[in-house]
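Asker: Letter by letter, the chains look like this.
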Amino acid sequence: MTQKADAAHPRAVQEPVRRGPPPPPPKREFDWRSAAIPAAIGTLSAVIVFGSLAWVITSAEQWPRIKLQFFSLDAMIASFPRVLQGFWVNMQVWLTVLGCILIWALVLAVVRSLRAPWFAPFRLMVVIYIDIFRGVPVLLLVLLFGFGIPALSLPGLPNSGLFWGAVAMVLSYAAYVAEIYRSGIDAVHEGQRAAAKSLGLSEWQTLRYAILPQALRNVVPALMNIVVALQKDVALLSVIGVRDAVREAQIYTATTFNYSSLIVAAGLFLLATIPMARLADYLSRRDRRRRLQIAE
Amino acid sequence: MTKPMIEIDTVTKYFGDKLVLDRVSLTVNPHEVVCLIGASGSGKSTLLRCINRLVDHDYGTIRLDGMANDDPRFGKTGLQQRASIVFQAYNLFPHMTVLDNITLAPRRVQGQPRAEAEERGRAVLGRFGMDSFAASYPEQLSGGQQQRVAIARALMTRPDVLLLDEITAALDPELVGEVLAIIRGLKDEGMTMMIVTHEMGFARECADRVAFLDGGVILEEETPDRLFGAPQEPRTRAFLQRIVASGRL
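Chains as they are written, first to last, in our numbering: chain G, 27 to 322; chain D, 358 to 606.
Be careful, since some hints might not be right.
Said to hold, decoys possible - Pairwise CB distance ranges (calculated):
| no. | chain 1 | residue 1 | chain 2 | residue 2 | range |
| --- | --- | --- | --- | --- | --- |
| 1 | G | Arg160 | D | Tyr371 | 56 to 66 angstroms |
| 2 | D | Tyr371 | G | Ser209 | 28 to 38 angstroms |
| 3 | D | Thr359 | G | Arg234 | 38 to 48 angstroms |
What the hints assert, rightly or not - Calculated cross-link-like contacts (lysine-lysine; reagent style DSS-like; alpha-carbon spacing at most 27 angstroms):
| no. | chain 1 | residue 1 | chain 2 | residue 2 |
| --- | --- | --- | --- | --- |
| 4 | G | Lys258 | G | Lys93 |
| 5 | D | Lys360 | D | Lys544 |
| 6 | D | Lys433 | D | Lys360 |
| 7 | D | Lys433 | G | Lys223 |
| 8 | D | Lys375 | G | Lys223 |
| 9 | G | Lys223 | D | Lys544 |
To be verified - Calculated from the model, a selection of chain D residues having no Cβ within reach of chain G, i.e. all distances over 12 angstroms:
| no. | residue |
| --- | --- |
| 10 | Thr359 |
| 11 | Asp428 |
| 12 | Arg430 |
| 13 | Gln445 |
| 14 | Ala446 |
| 15 | Met453 |
| 16 | Ala472 |
| 17 | Pro581 |
| 18 | Pro588 |
| 19 | Arg594 |
| 20 | Ala595 |
Don't read these hints as lab results, they were simulated from the structure.
Note that CB positions come from ideal geometry on N, CA and C, so glycine has one too.
Next up, chain D with everything else stripped away, as it sits in the complex:
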């Protein structure tokens, strides 16, 4: 039996008095792609942020490759390097060029020499068709290009897991495809990913499993065919019907 890459074990999280995650458990195996779907405010993004400790959960355990994510053996930065997150709003550093953005962590956190980091940076950019923009600033790029750079930045530390937080939600419809194509490519290479998304078509095509969150609880966790084809929970069905009605499935 393979050792799971991410083990979320009865995790509970409050923001003040508000319960946002209620005893959530979820396992992601190596090379697996798990999509989290659900309405806004259902706790999907918070769950992702708990994994690499952008927020700290209140109860339960999250293990990355068998080690609790608050284990001191990760050191100060080990966890973030092994579980990289990509944000909805890209969050690139506007005062740095594309190349400086993606080489910041390798150089300042991992201590790589500039030449080495930049060589790898150019290689990663090249893979995403962004090598000609190495010297550009983020505001000179389209949303899709910025998000491709943000994915490149997340990959620079060679993470084991990629956490994607609604990475296409801020994009114009015609730019969504170029970003999703990159995610498909990463899946083919065997990258373990947890994806919060509203692109149901993409989730159905790309995910190994889909989890539906509602009110901080995972109501249903299934293969995409079964979850989209024959949802068991009435609330899942209602959510999917709303999505279908809005033409996004």
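Bound-form chain G, shown alone:
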């Protein structure tokens, strides 16, 4: 290492440039040897670790049965169209529910953060709402709304389990998202409120023009986690008979006693959630960089 460092310091023997333009930045040449060796070691270690894992698993006595049960290519191909169709339902429900959650949660967070005494009863209502819907399992709410309300057959209201199940998801998730929004609102520096107030902005205008734009930007990374979680949790609606990917895979399993269809569904979920998770990582990294720049 020290030898390399010496070789990479021709500056030490170069004539210092005293007049004229400053010398050009030193060139960093790409060194094949120093790049190739770690890469080779990494590849070799990956081959050894994963290879021996695969060998251990496939050489197990039960492996052919496991393979047939979960990874049967024929069963996967046979179940794929139905599962994909179901997955399309998942994605539609996900986006619709997500939109509703983001808006409803914003209403909750804004009501909770308004400080005027006039809003006291509404603030209290939001606090109770959040306590209740955060404290009850989503699955329970989905069952309660998805089976319970259609059973009432209320006049003038939709009767589908899908609709009410989705409502349950919105109500539950909005409680979490409202708290995320609120943490973002609280994180905006008090001086911003003072500045807005001293310009004569009303409380609502202060929130609308000064606080919320900053708060929303602050909470994007935290929201992305919720978005990913929601993407999977939409599958809860399968328990009330919505024919999503999980439901379709279960139907296939029930007729063939082969579980490969569930693996297909799992694969589809991963295909959707992993890019979202990477996007979330990217956004929070970018956010971190932005904060560090400001702190400089």
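On the provided structure of chain G, position chain D as indicated by the hints.
Answerer: This is chain D only, laid out in the frame that chain G set:
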């Protein structure tokens, strides 16, 4: 006799059980510049914030142009528009451009059309040498530039009084001058100002009167020459000696 612009009449303020202002009385006449000096925690900033009701005082009266500052005739926003404050940490809105920062109050509070507000905004920025930064965001500016924008923002509502709360305390020394030059310019135009400052040289040069606060009490209120030249109170003398020792006078 001229009617005073600001009349602070035996104002007392507690933060919880802690007494921060103890029966403070002070009068500022139109076109007058009054500097408040004193150690940290002496109540200077609180006194400024009481005037435009960022905090509410507990006892006494503060009158702006003859009207108590909690008079309902000010309406919801009238007081803040007539007594604008500039903060130590600038407190610009980081998500808005410079021009949006300074036109926010005229547009949203006073209801001016965008074009009109922006025209005046550019004029005010131009006066402070900031017109080329209209589309910049605060974090792209130096501290001195940000503070100039903050002063521009405070002036946009055409206030009668400007309250300056240690506006140079967060600046690097070489940037203090450009901000103080603006304040001198405003004084020459006859702006009434109350200035909390640690820049004693500036206070001596620019103030018509200087008030020394200590423990929530105005111990001494004099012309700058007399307060800095021949302070009467031992505590004023001790404070000024500390300042001299630190090389800031």
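Asker: Just checking, Ala595/D versus chain G, shortest CB gap more than 12 angstroms?
Answerer: Correct as stated: the minimum Cβ-Cβ distance to chain G is 32 angstroms, above 12 angstroms.
Asker: Are all C-beta atoms of chain G more than 12 angstroms from that of Asp428/D?
Answerer: For Asp428/D, whose nearest Cβ neighbour in chain G is about 15 angstroms away, the distance exceeds 12 angstroms, so it holds.
Asker: Is Arg594/D truly not at the interface, in the sense that its beta carbon sits beyond 12 angstroms from all beta carbons of chain G?
Answerer: holds, 34 angstroms
Asker: Taking only the CA atoms, is the gap from Lys433/D to Lys223/G under or equal to 27 angstroms?
Answerer: holds, 10 angstroms
Asker: Does the beta carbon distance between Arg160/G and Tyr371/D stay inside 56 to 66 angstroms, or does it fall outside?
Answerer: violated, 38 angstroms
Asker: CA of Lys258/G to CA of Lys93/G, is that 27 angstroms or under?
Answerer: holds, 25 angstroms
Asker: That 38 to 48 angstroms hint for Thr359/D and Arg234/G (C-beta), does it hold up?
Answerer: holds, 41 angstroms
Asker: For the pair supplied as a hint, Lys375/D and Lys223/G, is the alpha-carbon distance within the 27 angstroms limit?
Answerer: Distance of about 25 angstroms is within 27 angstroms: holds.
Asker: Compare the distance between the alpha carbons of Lys433/D and Lys360/D with 27 angstroms, and conclude whether the hinted pair is satisfied.
Answerer: Holds. Lys433/D to Lys360/D sits at ~24 angstroms (cutoff 27 angstroms).
Asker: For the pair supplied as a hint, Lys360/D and Lys544/D, confirm whether the alpha-carbon distance does not exceed 27 angstroms.
Answerer: holds, 19 angstroms
Asker: Per the stated criterion, does the least C-beta distance between Ala446/D and chain G lie above 12 angstroms, as a non-interface residue requires?
Answerer: Its Cβ does come within 12 angstroms of chain G, the nearest being 6 angstroms, so this is violated.
Asker: When you look at the beta carbon of Thr359/D, is every beta carbon of chain G farther off than 12 angstroms?
Answerer: holds, 26 angstroms
When each numbered hint is compared with the structure, violations occur for hints 1, 13, 14, 15.
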